[in-house]
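J.: The task is simple: from the sequences and hints, build the whole structure.
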Amino acid sequence: MEPDDFADRVSRLESENRKLNERVRSSEQDAAAARILAGAADRDVSELSTDVRAIRGEVGELRGEVGQLRGEVGDHRKATAASFNAMRADFADLRSDFAGLRSEMNTRFAQVDAGFIEMRGKLDATAAGQAHIAGLLQRLIDDQNPR
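Numbered per the numbering used here, the sequence shown spans residues 916 to 1062.
Some hints could be false.
With a straight-line cut-off of 20 angstroms between C-alpha atoms, the simulated DMTMM-like cross-links for lysine to aspartate or glutamate are [claimed, not checked]:
1) K993 x D1005
2) K934 x D945
3) K934 x D919
What follows is a set of in silico ranges between Cβ atoms, one per label pair, in the way DEER data are often shown [claimed, not checked]:
4) D920 x A953: 45 to 51 angstroms
5) V974 x A947: 36 to 42 angstroms
6) H991 x A1025: 47 to 53 angstroms
7) S998 x D966: 45 to 51 angstroms
8) L1009 x G989: 28 to 34 angstroms
9) S926 x R958: 43 to 49 angstroms
These are computed hints drawn from the structure, not numbers from a lab.
All of these numbers come straight from a predicted model, not from anything done at the bench.
All C-beta atoms, glycine included, are put in the ideal place defined by N, C-alpha and C.
T.: Structure follows, in structure tokens:
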């Protein structure tokens, strides 16, 4: 014997079954969409991983180049410092040479000054002698020509 509400219960069960089937289909569609999205995300992650590896490689190369440039700058700095130190030594030598030349020049000027003083004395003595001779000659002339 069938209970009175059997038809209602079957109807409700069929309705629930339809709803469950719809939910299962919807879940299957969601799962398929999720698989598609997961595949796309997996490809994106794979591409990003490739990009990250490439960037890491480039960064590594840049590190190497920066290290090389640091070495070159350090070498240039050392060479420049050595050049400046050599120039300082050359200038110190030049100062010493100029000091020696200045001292020698002053000595020579003193010798020239002494020579001029000596010549001036001789010229003064010669002029005095000539004046004395001129005076003697004038006296002789005056003595020979009385007025």
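J.: If a hint holds in the structure, say so; if it doesn't, say that too.
T.: Tested hints:
{"no.": "1", "hint": "K993 x D1005", "in the structure": "18 angstroms, holds"}
{"no.": "2", "hint": "K934 x D945", "in the structure": "16 angstroms, holds"}
{"no.": "3", "hint": "K934 x D919", "in the structure": "24 angstroms, violated"}
{"no.": "4", "hint": "D920 x A953: 45 to 51 angstroms", "in the structure": "46 angstroms, holds"}
{"no.": "5", "hint": "V974 x A947: 36 to 42 angstroms", "in the structure": "40 angstroms, holds"}
{"no.": "6", "hint": "H991 x A1025: 47 to 53 angstroms", "in the structure": "50 angstroms, holds"}
{"no.": "7", "hint": "S998 x D966: 45 to 51 angstroms", "in the structure": "46 angstroms, holds"}
{"no.": "8", "hint": "L1009 x G989: 28 to 34 angstroms", "in the structure": "30 angstroms, holds"}
{"no.": "9", "hint": "S926 x R958: 43 to 49 angstroms", "in the structure": "48 angstroms, holds"}
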